[in-house]
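**Student:** Fit chain B to the known structure of chain A by using the hints.
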Amino acid sequence: MSRNSPDKRLSVAKTYKLYIGGKFPRTESGRTFEARSHSGDLLANLCRASRKDLREAVVVARKAFPGWAKRSGYNRGQILYRIAEMMEGRIDQLVNEVSSQGVSPQKALKEVETSIERFVHYAGWADKYAQVHSSVNPVSSSHFNFSVPEPMGIVGIIPPNEPSLLGLATLLAPALAGGNVTISLVSETRPLAPATFAEILHSSDVPPGVVNILTGFRKELLPDFSTHMDVNAILAADLSTKEKKLTEENSALNLKRVVHLPSKAISATDNPGLSPILSLQETKTTWHPIGT
Amino acid sequence: MAKKHSNKLDFDTGWHYDPAPESPELAKLKDSYDLFIDGKFVKPTSGKYFDTTSPSSQKTLAKVAEADKRDVAKAVTAARKAYEGTWSRIRPSERGKYLFRIARVIQERSRELAVTESLDGGKPIRESRDIDLPLVAAHFFYHAGWADKLSYAFPGRKVGPVGVAGQIIPWNFPLLMAAWKIAPALATGNTVVIKPAETTPLTSLKLAEILQEVDLPPGVVNILTGAGSTGECIVRHPDVDKIAFTGSTEVGKLIRKTLAGTDKRLTLELGGKAANIVFEDAALDQAVEGIVNGIFFNQGHVCCAGSRLLVQESISEKIVRKLKDRMETLVVGDPLDKNTDIGAINSKEQLKKIQGYLKVGQREGAEIFQTSCPLPKRGNWCPPTLFLNASQSHRISQEEIFGPVLAIQTFRTVDEAIEKANNTPFGLSGGVWTDKGAKAFHVSERIKAGVVWTNTFNKFDPASPFGGYKESGFGREGGRHGLEAYLNISETGGNR
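These protein sequence lines map, in sequence, to chains A and B.
For reference, each letter of the first sequence is one residue, going 0 to 291 in numbering that gives the first Met the number 0.
For reference, each letter of the second sequence is one residue, going 0 to 495 in numbering that gives the first Met the number 0.
Note that these hints are calculated values from the structure, not bench results.
One or more of the hints may lead you astray.
[Unchecked claim] Below, a list of computed lysine-lysine pairs in the DSBU-like style, where the Cα atoms sit at most 35 Å apart:
#	chain 1	residue 1	chain 2	residue 2
1	B	Lys68	B	Lys263
2	B	Lys252	A	Lys244
3	A	Lys241	B	Lys68
Just chain B, same shape as in the assembly:
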């Protein structure tokens, strides 16, 4: 337990939460799911299926088809046919109407989808219900309106669709990442072959049902489940015009290499090691909330997580004390329980990786603190963790852990904070906490990252471009800027 201080933030009311779980039945899962190709659910050519399990209860939730090269070929053929035959020909406003329809059905089936997301991926229902699902619907709704207004987005330039987009998405925001990929691709007139992550395929397959429900023309979106090898087949398929990948920097680099010398377009949204910089003039209690949200949101399985805390030396003791007190109030447990703050770690492999870093951090000489929250007996769990006295060269300060683990460093001057914040190969996001407006702009301007949150953190919106600098990848998703990833843009000439 954290030591009692006279000015401890008093979160303990003496009341305890009774469990308030959503019923897993709400997910309405089938026993088995096939591949979604050309508007139909079809069996995989190989006949192979794999289990998708709950990272909390460890129960098998469903059997899911594994797509191989032959299935990828079928899907790409369907996507090409749909692109040439219907999707690039129908009126843009009609394209938009399909997206509006999708957004509406997602809103209607939101509870079912949220429960499925938490069951399959382990994230707390409070997050899938209040963050993931509303954003998924908003993404389709936002992009729907772009479909017939693209010429307004890039004045002086001509735009057209790229063709067939191959998309590979991660397990941390399964349905939200599907929305981030599919909505802009369709709005701009492309067709899609998309592969959800191996450990979280279910909400994408439910999305396939929704696409059938809204009568989306066959082949416009094809959804293939499988592991890394399925993704590789999509990347290598010669008739795919564009690859969009969200995932690790390691795999992103491999894809970049694989596509070298081809004319395939590529956007990558990769790892991060964002610094949350807290200055002594910040509103400290708000900063503490921001730090907690920055690193413990979605178990820290967030590429833009604020996984480093840079705190000005004069307030470091105070911040750390407040932070530990606040962390003690976090409830780790059943993702379906509405009281849960931190759900299950997505997979055994990921848990092992995180635990490896916990050892590395201690071996490197940083001081570990973990909360005393009891953990469930079954499942993959990691309590909220922080490392004090981390140094810039420590692996826990340089490498993406992708778990609820915060590395804390101190700084004295503004320049030192900026230098430390930028001193990693990544550049996805950053945070600045100060009550001085001029300082906030000075620092946010100097952070080499695609998204900077000042006096807030981990905020997302379909109108807000998202994406990285440096080894966090290239291209933007969301907003007007995100459309570029799915358009061929040329100058109209006349620039004499």
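Next up, chain A with everything else stripped away, as it sits in the complex:
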């Protein structure tokens, strides 16, 4: 970027911030970390989120949960499809951000396109998984007995560092389709596109608090995600053996569910299908007597 020529317009660089409760705050801690290009140039200073930011996100997510879970699958599906639409309109920006951090432009394009496909795929699931998973159970007594899925609640999402946007999309879409609210700790090494993705969500009718996006260090925040007593589940991909053990150990505190998606499911062109949605659902069975 040459800034010396008097005729050359000075570009306006973006400030990347957190996304909590439908707002874009800086981290309360005032800390930042640097995002650099493949060749080492400084691209941006990212917020290094703290435990307090996470707690704040949990509070707003908890408030958002009943409303989001209660929306019809049809409505959630439309919002997911809207996310895909808004991504499509910003393909160039997303590809630039992914490729600025060391991914070839072709691969970056493929990553962004597959991310969009994920949202289209899960938009269509939102009003179907309940029908596929539910059952009327033929009990022997005179009862109407049926089982339906219900979202778990607050899901902490730990996507892989790479691919950063596709990793986030692959984990986030099934969680949202199923009526969960989410707090994602996005890639440390390629955070730009995931941070921009928050702006896309913001313009896609996603209610405030349903998706919260934190940038920061996994080493610092994974213990806080996994010990938080009001987080119901962790959905992760590509955790190291040590991270996996720590997360599962800490999850015992409130028996939060821990779900690992295999890393090959993240980058596959094939969408991961129904399993990730159901892994974040509880099954509720209701009995009602039949009689006069």
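**Tutor:** Quick look at chain B alone, frame taken from chain A:
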């Protein structure tokens, strides 16, 4: 005694029940039982045995082997061999036929098993005969049919067995819990190492005899008796692929921690503190029956017991009066007597725990009521008990007592009832009583629990998935959904 009211439910006919006991001889117990490994009864490596006693008569019923790490290793080896060699290879329909056979022999030996269950565990014979045993047989029968139909259960996905399942079960429904664990595991092609609870091993050992009787291939099911340390050896054994545990939330959390970082599959069915919510428009006499069944069934040793009663303020006096009247009719006593409603508390330890909570409740300021039913002199007994004016923060409203003790709170609005019902760390079950259908669905939808009974309580069926939200554990048992716990399920692909 409850005070006489002009509109008291008149249960007192002036007639009294003569004792109608089943004979303990029907249990046909041996003096001593060994471990069941690889299709044979074998002595424990350590040579150690422990007594299992009757919680009512306090008599020693039999000596039972104590399995240690070496026995667990033998059992897992046998289960692995059986998995690789026979069970995962035979035709699924043949697997199913073994389960059908088991169900049939259980039906044939049902009386013997029911008497054994009541002798060893203390539950009234009326319950072991009419609830436990029929459900045990039904569980094997139901799952038998799944064995060759698994591909219909999960369309679009591929399923396969997990391998060797380690299973640890509690003392409240000893044989029924064994059936809940073994039947789905075998139907889906897994082999099993199972440990019954220390205080109630006998019906599992009789099940071992039945497995021999039906010629189940050796090693497909191995039954190890012992205490917590035996269970821990199963949990820690590296060649076990999956752990299924039913028991306390405390131990469940420990198991979760122990398995952290391993790839072992885990399902937990843990404690509960269910609320039975009674609205003013409910059929009150039915609700009272439901409340009684909810908390006094099986001495309250039920993880999904309705141990809290949330009653709408406008009817609370009336409900409490009816409830006390009804409770006065409950007979506490000999588990083998067919007239008994409430049997013996399963162990001295459990009785102590319950009595501790009775003190805690009074100290916290709740008002206690216990019925005047005479208790037998020997044995572990607790009369049906309720606490009035319990508050949400009281330990008797928050913690699982696992005894015949009901904490009663009132509420005014629907929202308040839901808020109070959900305000514990547990989420296993809940109850709603109202004559308005829309309200029943509204409330049952909002209760954070895996099983909700509306205008009924404590109903079970092999086709009905059972399991909890939150700290009541994860995974389901029963129904199509329960099969998932014993299957590796993958997408078949093509979801482009």
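**Student:** A separate judgement is required for each hint: does it hold in the structure or not?
**Tutor:** Verification of the hints:
{"no.": "1", "hint": "B:Lys68 / B:Lys263", "in the structure": "19 Å, holds"}
{"no.": "2", "hint": "B:Lys252 / A:Lys244", "in the structure": "14 Å, holds"}
{"no.": "3", "hint": "A:Lys241 / B:Lys68", "in the structure": "27 Å, holds"}
The structure fails none of the hints (numbered hints given earlier).
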